[in-house]
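Undergrad: Make a model of the complete structure from these sequences and hints.
To convert, note that position 98 of the sequence shown is 97 in numbering that gives the first Met the number 0; the numbers rise steadily by one, no gaps.
If you're looking for bench data, these hints aren't it; they were derived computationally from the structure.
Don't take every hint at face value.
[What the hints assert, rightly or not] Derived DSS-like pairs (lysine-lysine); straight-line CA-CA distance at most 27 Å: (1) 224 <-> 239; (2) 180 <-> 224; (3) 233 <-> 180; (4) 180 <-> 124; (5) 124 <-> 92; (6) 56 <-> 92; (7) 164 <-> 224; (8) 180 <-> 164; (9) 238 <-> 224; (10) 239 <-> 164.
Note that the coordinates shown come from a computational prediction; the quantities given were computed from them, not determined experimentally.
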Amino acid sequence: MADNGTDLSQGNNSKVNNHFEEHSMAFYKVMQRYIPIVIINLLIIIIMSYFISPLSKVSTISVEGNEAVYDQQIIEESGIRSNDSILELMRQKERTAENIVQNLPQVSESSVEVSGFNDVIIQIKEHNTVAYIAQDNSYLRVLENGTVLDEEYNVSIGNQPVLTKFEEGEVLDQMIEELSKVDRPILNLISEIELVTDRENPLFIRVYMNNGNRVLSLIPTFSEKIPYYPQMVKAVNGKKGVFDMEAGVYFTPFVDEQTEESGLNEDEREALEEFNE
0 MADNGTDLSQ GNNSKVNNHF EEHSMAFYKV MQRYIPIVII NLLIIIIMSY
50 FISPLSKVST ISVEGNEAVY DQQIIEESGI RSNDSILELM RQKERTAENI
100 VQNLPQVSES SVEVSGFNDV IIQIKEHNTV AYIAQDNSYL RVLENGTVLD
150 EEYNVSIGNQ PVLTKFEEGE VLDQMIEELS KVDRPILNLI SEIELVTDRE
200 NPLFIRVYMN NGNRVLSLIP TFSEKIPYYP QMVKAVNGKK GVFDMEAGVY
250 FTPFVDEQTE ESGLNEDERE ALEEFNE
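TA: This is how it looks when you write it as structure tokens:
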């Protein structure tokens, strides 16, 4: 009798275990079927929540790297506005950057990036200003790529030289190309560059230096010779006068800061000779 009781108990346990396993399998199959649906629905809810939230819209727009062009000009040409779609901006950011370069001659490079969730940063690189053209009572900015901007200034800004008697064309283009080859510290020593129109050579220039000296040169060799100017001044012991770099290097001192006179002592003459080699 005891053995029969044991058999009944084991049989009941076996049935319970089988029922539990069947229930577990059924639940697992249901979860396998519905979990993907739940996940998809959650993703849809998250995406919809993002699109209706402020995070999906442009919050702030900032500009970095610009000096001469105003922030507002760059933002206006970009076409980016607050509350624009961030996703649409990301899709169009290359075209937006190109529009800035095309519409603003002073901008050489541009890029648009998103910082954080919805802050937009426009990175700018500008063409350097190499000179100003004197025109009547105003000045026009000349860029390193040869572009002359239409905006007029009452005074020249910064230390860039002023070009006088130049007109737009090949001669001006050559002068700008030469200026773009000269390092900034040397350019800062120059006050004015005058195109001398009464010489047979149409490329002859007279350069007025900030310290009162004058330099005579030809445009095609200007960037090659002008870097030696500080050494030439030192060679003549700081005397004021005219450095003629048209053919070789010659120096004529001033008598009264204006009138030229001939004559250097032997040491000064020998110091200049090395620049003619």
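Undergrad: Going back to the hint list, which numbers does this structure go against?
TA: none
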